[in-house]
Amino acid sequence: MSRYNFALPQFSRRFIPIWRRNFMVWKKMAGSSVLGHLADPVIYMLGLGYGLGGMLPQIGGTSYIAFLAGGTVCYSTMNSASFEALYSGFARMHEQRTWEAILNTPVTLDDIVFSEIVWAASKSLLSGLAVLLVIWLLGLSHSPLSLWIIPLAFLVGLCFASIGLIVTALAPSYDYFMYYFTLAITPMVLLCGVFFPVDRLPTMLQNVSSVLPLTHAIDLARPLLTNHVPPGFMLHISVLLGYALFGFYVSLVLFRRRLSQ
Amino acid sequence: MNAILSAHNLRKSYGDQVVVDGLDLSIRRGECFGLLGPNGAGKTTTLRLMLGLIAPDSGELQLLDHAVPQQARAARVRVGVVPQIDNLDPDFTVAENLLVYGRYFGISDAVINARMPELLEFANLTNKRDVKVPTLSGGMKRRLTLARALVNDPEVIFLDEPTTGLDPQARHLIWQRLRELTARGKTLLLTTHFMDEAERLCHRLAVMDNGRIISTGSPRELIAQNIEPQVVEVFGEQAATWAQDHAARLAQRFEVSGESVFCYVTDAQPLLKELQQHPELRYLHRPANLEDVFLKLTGREMRE
Chain R
46 MSRYNFALPQ FSRRFIPIWR RNFMVWKKMA GSSVLGHLAD PVIYMLGLGY
96 GLGGMLPQIG GTSYIAFLAG GTVCYSTMNS ASFEALYSGF ARMHEQRTWE
146 AILNTPVTLD DIVFSEIVWA ASKSLLSGLA VLLVIWLLGL SHSPLSLWII
196 PLAFLVGLCF ASIGLIVTAL APSYDYFMYY FTLAITPMVL LCGVFFPVDR
246 LPTMLQNVSS VLPLTHAIDL ARPLLTNHVP PGFMLHISVL LGYALFGFYV
296 SLVLFRRRLS Q
Chain D
7 MNAILSAHNL RKSYGDQVVV DGLDLSIRRG ECFGLLGPNG AGKTTTLRLM
57 LGLIAPDSGE LQLLDHAVPQ QARAARVRVG VVPQIDNLDP DFTVAENLLV
107 YGRYFGISDA VINARMPELL EFANLTNKRD VKVPTLSGGM KRRLTLARAL
157 VNDPEVIFLD EPTTGLDPQA RHLIWQRLRE LTARGKTLLL TTHFMDEAER
207 LCHRLAVMDN GRIISTGSPR ELIAQNIEPQ VVEVFGEQAA TWAQDHAARL
257 AQRFEVSGES VFCYVTDAQP LLKELQQHPE LRYLHRPANL EDVFLKLTGR
307 EMRE
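Protein sequences, first through last, are from chains R and D. Counting from 1 along the first sequence, just add 45 to a position and that's the residue number in our numbering. Counting from 1 along the second sequence, just add 6 to a position and that's the residue number in our numbering.
Everything labelled a hint here was simulated from the structure, so no lab data went into it. Please read all numbers here as calculations on a predicted model, not as lab measurements. Virtual Cβ for every residue (Gly too), placed ideally from N, Cα, C. Each hint should be verified, as a subset may be incorrect.
[Claimed, not checked] Sample of chain R residues at the chain D side, in silico, Cβ under 7 Å: (1) 142; (2) 147; (3) 152; (4) 305.
[What the hints assert, rightly or not] Chain R is faced by these chain D residues, among others (derived, beta-carbon under 7 Å): (5) 59; (6) 61; (7) 87; (8) 109; (9) 113.
Whole structure, please, built from the sequences with the hints as guidance.
Below, the structure is given as structure tokens:
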């Protein structure tokens, strides 16, 4: 592998026109997109929250549905960034050759990968906003601190977009993404405290959970919805940022290798 | 400085496979330069090297006074590219494709929109302005790709097999547009394996094979330097047998390919007279062309 592949990323403002391009495409199907952001988390939250929640005692002083809200907002933002980075990213890189067209202009691959991450995080932001709105409308949170969910959604987006792009960079086809969703995303949803507190898990699984990014996202979101400053928030933010930087660099190296073939 | 692009001893390998093997090339301002070669000769890799999209293993490369790949970004500001495979944005209309692409060069929307009518006119797409890309024909897509390559008013335009897959009408329209571009002083670098395209459009050509340039010159020079001026093609079941007896004697050189024999001669008269004795053979007498040169230099075997 050439030494060029390992160079540190160079940032430029040329990532902005790519973001605008994606936004232009998104605007054309904004209706179905917003519906997708809303329908899935709302159905989960209402179904499990009222259905299952009706049989459960309070968790940490809140109703089950309010407990679930903090998990849902993170899980939903994780999903939007992941789908965008994997399926849509792969379409732009491989299927439609959009990246190839862009690379013939003064824009570089570093700009493209960075714009993919920022764009996927923007979609997370939107998805987080949508869920937050539902939480407010259902009266599940009256916390002014819940506004911090908005930047958190963007950060969770950066994190999962970056990790997701590593998978995109390695994928021979769309089928490959099934592995990532089955082996990484689904376990994360079940181990990181979306549906039940992590301390209910055996110690070994708790240890696994403590290094997964979704755990740290939820540890931030849940207190914010009940108007508490999250304990250890610097650590949680650092972990999410760390994953984002790691994913950005590794995916960039892999994309450089892939596209120089 | 007259050379708009110069490459010196450029090399690029993928694993054990040498794709570009010591390439030297110089392209002058305002010329249309053709890079010819069979599939796999290294043409597309050469273009990618020149744009700084991949780094050479060794060698030097200058594009518009910028060292490539180090300053490729600055060079690409003044370059337009028509890729071999369409990569227009399928979600956008014709006009949106131009607008979005112009932004990648850092051009303001106002400037792009001001340039838009001229670009659409050039591509014969004025009345398709608000049509989405998937509904365009192959020829229209190519023209839009060409217009897109002009959105930054480039000095040099790279075209990778610009007419592959087009019908003759669409091809002729593209040729006409490319000639207009050279008339306006643009420098064109195109790859092709259509010899008639190269012969019509290019001031100078380089024939490339196995990653090397094996001959350079104007179309006429290439023909004059590499091949006898006259060709007699002979067809028929008996052609091969006839060739052993007569072509060997009457032609400077001949090649048998299936039931056809290609005789290369300086003076065709004795050969034609001989052929009149053989009514079972059909024949065609014509001046030598680039395709003859190409086949002589790169061989008749299939490249797959």
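Each hint tested on the structure:
1. 142: holds (4 Å)
2. 147: holds (6 Å)
3. 152: Given a least distance of 5 Å, the restraint on residue 152 of chain R holds.
4. 305: holds (5 Å)
5. 59: holds (6 Å)
6. 61: holds (5 Å)
7. 87: Residue 87 of chain D check passes; min Cβ-Cβ to chain R is 4 Å, inside 7 Å.
8. 109: holds (4 Å)
9. 113: Interface hint status for residue 113 of chain D: violated (10 Å vs cutoff 7 Å).
Consistency note: the structure conflicts with earlier hint 9 alone.
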